[in-house]
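Taken in order, these protein sequences are the chains called A and B. Taking numbering that gives the first Met the number 0, I'd label the letters of the first sequence as residues 0 to 251. Taking numbering that gives the first Met the number 0, I'd label the letters of the second sequence as residues 0 to 320.
Be aware that a few hints might be false.
Said to hold, decoys possible - With the Cβ distance kept under 7 Å, some of the chain B side facing chain A (calculated, not the full set):
(1) R75
(2) Q76
(3) E84
(4) Q102
No lab work stands behind these hints: they were computed from the structure. For glycine and all other residues, C-beta sits at the position ideal for the given N, C-alpha and C.
In case you want the letters, here they are:
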Amino acid sequence: MRLFRDSGILMLRSLRESMRQPAIEIGNLFIPLFFFAVTVGAISSISEQAFGVSNFTGFQLPVAMLQAIAGSAVAGAGIVNDIQKGYFDKLALTPTPRPALVLGRMLADAVRAVVLVGVIIAVGILTGAGMESGPLGALLLLVIAAAFSLSYTGFAVSLALKTGSNQAVQLSFLLFFPLLFLAPAFAPKEVFSGWLEFLATINPVTYILEGSRSLVLNGWEPDRLLKAFAAIAGIAAVTISMTVWAYRTRKV
Amino acid sequence: MYAIQAEQLARTFKPDIHAVAGIDLAIEPGKVFGFLGQNGSGKTTTVRMLTTLLRPTGGWARVAGFDVTSNGGAVRQRIGVALQEAGLDEVQTGRELLTLHAQLFGMGRRQARERAEELLAIVDLTEAADRRVAGYSGGMQRRLDLAAALVHHPEILFLDEPTTGLDPISREAIWRYVADLNRQGVTVFLTTQYLEEADRLAGEVAIMDAGTIVAQGSPEELKASIGTDVVTVRPAGHDGVALKAAETLRRLEGSPEVRVVGDSVVVYIPEGARAIAPIVLLLTESGIEITDITLARPTLDDVFLRKTGHHIEATPTGAHA
């Protein structure tokens, strides 16, 4: 009970922080939308002949989503800042359950991700991406956004706890970009050459992307959705273990 | 029951840095205990162990009756901690920060707000309450940090160098709050590198050097333990003249203890007033000119010097011989 209550209190603190630095959130929204516009503008007219995707706007929408989620994953950086300022110690001296210190910031990331993805879905629908699965599907996209955000941000959080260093946390962004682009971001996996197709097949981001895409382009495809959530659960299993390990072995 | 008790408390950092090399503490409730030492003497490491932020690698410590290792939660409920270099979230306002802390100590929203309001008044930050902490001066940040440590009415307050780097007025303010809290029955464990601070606030002082406690007692006891007056002589002239002067002064009657500190020579001698004339005479005979000579009762600084072989680096006023 204390864990949920205190995580909520710390989440609100973290959100207050973003409200006071609005430029950062505007950047987090601008970058994915910019790539979205540019990619759609460049490729949509040939996507049909090139690889049989008629609605390239809808095809790109989940890519913008994932980019926004990665961009809004600042829990790790926030924790590093707290550690360096000495504020993390201050929080650790309260009787709050230890995991709340981490969970509060992660939940704030999830909230930010949901808000940004909401805006991106709205822009997508306005620009003709469509939403074959209807409003419920759009809602499920927000759930995917929250779940992926929580699982993904854990990676930077574990590095933050372990090292207390911003450089290490920056690494997590380095990790995400290959993952996003070793997934079928711009074209379906079927047109990839052998080695890239192999990498895309073992990349969990592929399944999150394809699951989200199926909601936009095709309607309800339970097996794809199941795979998407399985991929998120897989990432979460790794990042949660890393976070627990980082906290236990944290150098003080 | 002691408020703070420790036996052979130690912390070794890899590979073999003995930051704290086995210290014993027995601090009674209601006292102000001053923990005096230079940077790197192990003060902060001791505080971090006593406040459950750092695991000891040897010995044990009990704070408010609970073991810091096995019962950290119970300890944290009963202590307030203001760490060195006020650890604050600069994006929040003072009021938000205190409210947040009160909530994390289990208070409801409303109660937390009221407590924040009370504390803001106590540390004179009511006017600045709705400004972001980033805009606070160093003194204001320390006061806010102190207020955050008081949210839950702690029995024991740990202050790690609470006034380092502050101007004299802010320092006075912190000293006043600490003295007030102590009058209300709060035990205070204070680390400092300012002798004046220890002398002013602490009923009992421990001097820490290189990870061990080298002297302990009330400031008066410690000063009396020197048993002599202190005559400080500054000879005129080139480098090394102090050494030569010290050599000479060791020949004084009763062969007093003589130390060279920077460009001065410190002589520990009983009945210092009577010793001035022989000192001047002896130096003049040896051809050493004197720029300055002072006689003083021993200070904590002299105790520190005697026990550790060096001066404590900093003083709040920057003005000791």
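How the hints compare with the structure:
Hint status for R75(B) relative to chain A: holds, with the closest Cβ pair at about 6 Å, below 7 Å. Proximity of Q76(B) to chain A holds as hinted, the smallest CB-CB distance being about 6 Å (cut-off 7 Å). Here the hint on E84(B) is kept, as its CB sits about 6 Å from the closest CB of chain A, short of 7 Å. This hint holds: Q102(B) has a C-beta 5 Å from the nearest C-beta of chain A, less than the 7 Å allowed.
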